[in-house]
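K.L.:
So the chains spell out like this:
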Amino acid sequence: MTQPVMVNVEKLNKSFGSLHVLKDIDITVKESDVVCLIGASGSGKSTLLRCLNFLELKDSGTITLEGEIVEASSIDLNKVREKVGMVFQHFHLFPHKTVLENIIEAPIHVKKIGKAQARKEGKELLAKVGLSDKEDVYPAKLSGGQKQRVAIARALAMKPDVMLFDEPTSALDPELVGEVLATMKQLAVEGMTMIVVTHEMGFAKEVADWVVYMHDGRIVEVGHPEHVFNNPKEQRTKDFLDSVL
Amino acid sequence: MEWLNAFIETYPVFLRGMLLTFQLTAVSVFIAIFIGLFFAFLKISNIKPLEWLADLYIFIVRGTPLVVQIFVFYFGLTSLDISQFWSVVLGLAFHNGAYIAEIFRGTIQSIDRGQMEAGRSLGMTNNLAYRRIILPQAMRRAMPPLGNQFIIALKDSSLASFIGMYELFNVATTYGSNNFDYMTYLLIVAVYYLILVLIFSILVRYIEKRMSISD
Chain A
18 MTQPVMVNVE KLNKSFGSLH VLKDIDITVK ESDVVCLIGA SGSGKSTLLR CLNFLELKDS
78 GTITLEGEIV EASSIDLNKV REKVGMVFQH FHLFPHKTVL ENIIEAPIHV KKIGKAQARK
138 EGKELLAKVG LSDKEDVYPA KLSGGQKQRV AIARALAMKP DVMLFDEPTS ALDPELVGEV
198 LATMKQLAVE GMTMIVVTHE MGFAKEVADW VVYMHDGRIV EVGHPEHVFN NPKEQRTKDF
258 LDSVL
Chain B
452 MEWLNAFIET YPVFLRGMLL TFQLTAVSVF IAIFIGLFFA FLKISNIKPL EWLADLYIFI
512 VRGTPLVVQI FVFYFGLTSL DISQFWSVVL GLAFHNGAYI AEIFRGTIQS IDRGQMEAGR
572 SLGMTNNLAY RRIILPQAMR RAMPPLGNQF IIALKDSSLA SFIGMYELFN VATTYGSNNF
632 DYMTYLLIVA VYYLILVLIF SILVRYIEKR MSISD
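Protein chains in written order, with the working numbering: chain A, 18 to 262; chain B, 452 to 666.
Derived from the structure by calculation, the hints contain no laboratory data.
Be aware that one or more of the hints could be misleading.
Simulated crosslink set (DSS-like; lysine-lysine; CA at most 27 Å straight-line) [as the list claims (entries may be wrong)]:
(1) A:K114 <-> A:K100
(2) B:K499 <-> A:K151
(3) A:K100 <-> A:K129
(4) A:K96 <-> A:K158
(5) A:K255 <-> A:K222
(6) A:K145 <-> A:K158
(7) B:K499 <-> A:K114
(8) A:K128 <-> A:K140
(9) A:K158 <-> B:K660
Keep in mind that this is a model prediction, so the values were computed, not measured.
In isolation and in its complexed conformation, chain B is listed as follows (with noise of 0.2 Å):
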């Protein structure tokens, strides 16, 4: 009983830490979306130096932690007059473009090579036929591992409580700090991460089905 009051009395402040915490994640994985598009087509490009870019991206991204990476782009980008929040955004989207762009090229490269034969055998243009062709069916294909970075991402923003965000971690660690019991926050922020993960699996769930009629 005593955890539901500690629920219901902290909601507030907790929501403001969910629609924070939505934020950094919605922004970052928008434009890590992006970021791992680029890299990509980088990879599959055929271009050497080009590749190595690619592959040494990912290398920096997969061998650092994402603590450290986030601490980077904060003391950097804040040191440009950049806004806590920016720096914090694009920590998480350099790190997340490095996974996605490995999702992006295992389902482009997936896709049957006769679809590229057959957009070239009708005259198109080798960028037409990726971008009429290809990416579509790939894309597609990318939602489910999508989906599942977007989750993972939820969960990494947590870091951001580092720099002092006061996103859904931070709001727990604070009143566990304040009222000597960690435990209790820590079940209730359990909670509102298991809702966000909850209504994002319905969502991509949605979107996954209405893609998927041509199957």
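Just chain A, same shape as in the assembly (with noise of 0.2 Å):
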């Protein structure tokens, strides 16, 4: 069975002024797919994430979503923004609303949802990320792990067609890591499309359905897991692997 394909990129390019960081990108996710970037600092691998969802805008290229081709200028952007989860590296939680107020904030302001449904719809999916306790506590007073699962509950609230993890775990302490990992997974396991641009690589092999090593402004290598992690093609899949393994 062939899924649909979710979302698909070709021949992207991007330069930030005579820096050429995006070469000629090709990339196709299918439905439940859960892809993970790999590549050394300034690969390109973030502005690729941040391309999808247009907080960077591509120079050339054609990014497709769902079947529909998207460009910043011709369509409603913040229509393909709904569709498109994102979490940032450094959480980005709204510090003056609480935990709660985050999760609620974009379905009643955006998708215009009643605020008793948004606040039920709000309540589960703290729960699904094991944070019930924490409705009405401002964002200060959790941990790196806890705001970082409110952030996911936060892009599931507009009930995304696919997510996009920017570094999710980058910024944790080492012990707050797994909490964030087990809420990924768990995302994984339901079916949600997946692209995650990580440093955790046991993450990766253990996810992850194809893995896309970056280096450079290019994608070099793709494929399964298993065979990019134990038996890379390319020289510079195998070098940078022996440098973070």
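Put the two chains together into one complex; each comes in its own frame, and the hints tell you how they fit.
P.N.:
Written as structure tokens, this is what we have:
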């Protein structure tokens, strides 16, 4: 059975000034795929993720979402962003709102669903990420791991079709990484389409359907985690894995 | 003792002057907050002509004495049948608006870029993200400098005496000249200003505390 294509990227290019950070990126993500983007800092993986959400605007190439070509100018970008959830390295929770308010903010003001309904769904999401007792707490009182789980719940509240994770555990103390990865694993099991920029090779090995290794703005190797980690075809992938594992 | 007697004798008049000083300040700063917000948005609009307009406004306010601004507003607006009170209020608002614009611009730009990105990634429009995410945080950060600006405005309102408003400073100099004793009444008026500033500082600290429950 072939799944429908969720995200398709063709010949994507992006430069910051004279720095060419993405070079002819092609990538196809199908529904329920969990894709991990790995590579050294500066390899362009975060930029690729941000281009998918149009937080960075591509210079050329096409991005297709659920069969529709998305251009920054031509269509309602906000509608696209409603379908694509994003989790940031530094959480970016809204500090002036409680945990539950963080979660229901966009459903109420963007999707315009009723407050009672939003609160009900928000509480369910908090239960799902294991933070039911924190709904009236402000983000400043949470640990990093709890913040990131709230951020995941906040993104899920918009009922996205794809979730993007930009190094979701890189800002966490080591002992807090596990709780966030567990939440993500649960999402993967439930069939969420996920694109994850990560340095957690253990997570990539265990959860990813396939792994993309990027180097210097190019995709160097794509494959099943078994193959990429145990038997990389490319020397550069091998060197990278030797340096991180 | 003489000073204390003078203080007790004159307090009904000084209290009326204090009320007028407070009204001039409160109304003008209230208007200045909206002027400031407007020009702060022009400055961060990324549209060059609008930025220039804001720069020009701030340049004029910063580059000319407040007393000149008050006279220009007074002669300009009273000739249009606008009352003395409102011409001074608008003059002070015009003046303070520029400083408040800079306060807001600074605090809005101090909000982490990730806040806007988080809002946008949830499907918010630019406007919605400003209204619901950026401005509430920027406003909170603006409270201490705004409180400071209010105190400056309170003291600057003494210049309204130049066009004959019977506010605190004018009360003091009138008593001073009538009694050939400026020192006594200037020391009295200083006490009234200190009381006003003290009350206001306590109020600002209270508001700041209320607003910072989330930190």
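K.L.:
Work down the list of hints and note, for each, if the structure agrees.
P.N.:
Taking the hints in turn, this is what the structure says about them:
1. Restraint check for K114 (chain A) and K100 (chain A): satisfied, since their Cα atoms lie roughly 23 Å apart, inside the 27 Å limit.
2. Of the pairs offered as hints, the one joining K499 (chain B) and K151 (chain A) is violated, with about 45 Å between alpha carbons and a cut-off of 27 Å exceeded.
3. About 15 Å separates the Cα atoms of K100 (chain A) and K129 (chain A), which keeps this hinted pair within 27 Å; it holds.
4. Simply put, K96 (chain A) and K158 (chain A) have alpha-carbon atoms about 32 Å apart, too far for the 27 Å limit, and the pair is violated.
5. With a C-alpha separation of about 15 Å, the suggested pair K255 (chain A) and K222 (chain A) falls inside the 27 Å cut-off, and the hint holds.
6. Between K145 (chain A) and K158 (chain A), the direct Cα distance comes to roughly 20 Å. Compliance with the 27 Å bound is thereby established for this hinted pair.
7. A threshold of 27 Å between alpha carbons decides the hint, and for K499 (chain B) with K114 (chain A) the separation of about 34 Å lies outside it, so the pair is violated.
8. About 17 Å separates the Cα atoms of K128 (chain A) and K140 (chain A), which keeps this hinted pair within 27 Å; it holds.
9. Restraint check: the Cα-Cα separation between K158 (chain A) and K660 (chain B) comes to about 17 Å, which is no more than 27 Å; the hinted pair holds.
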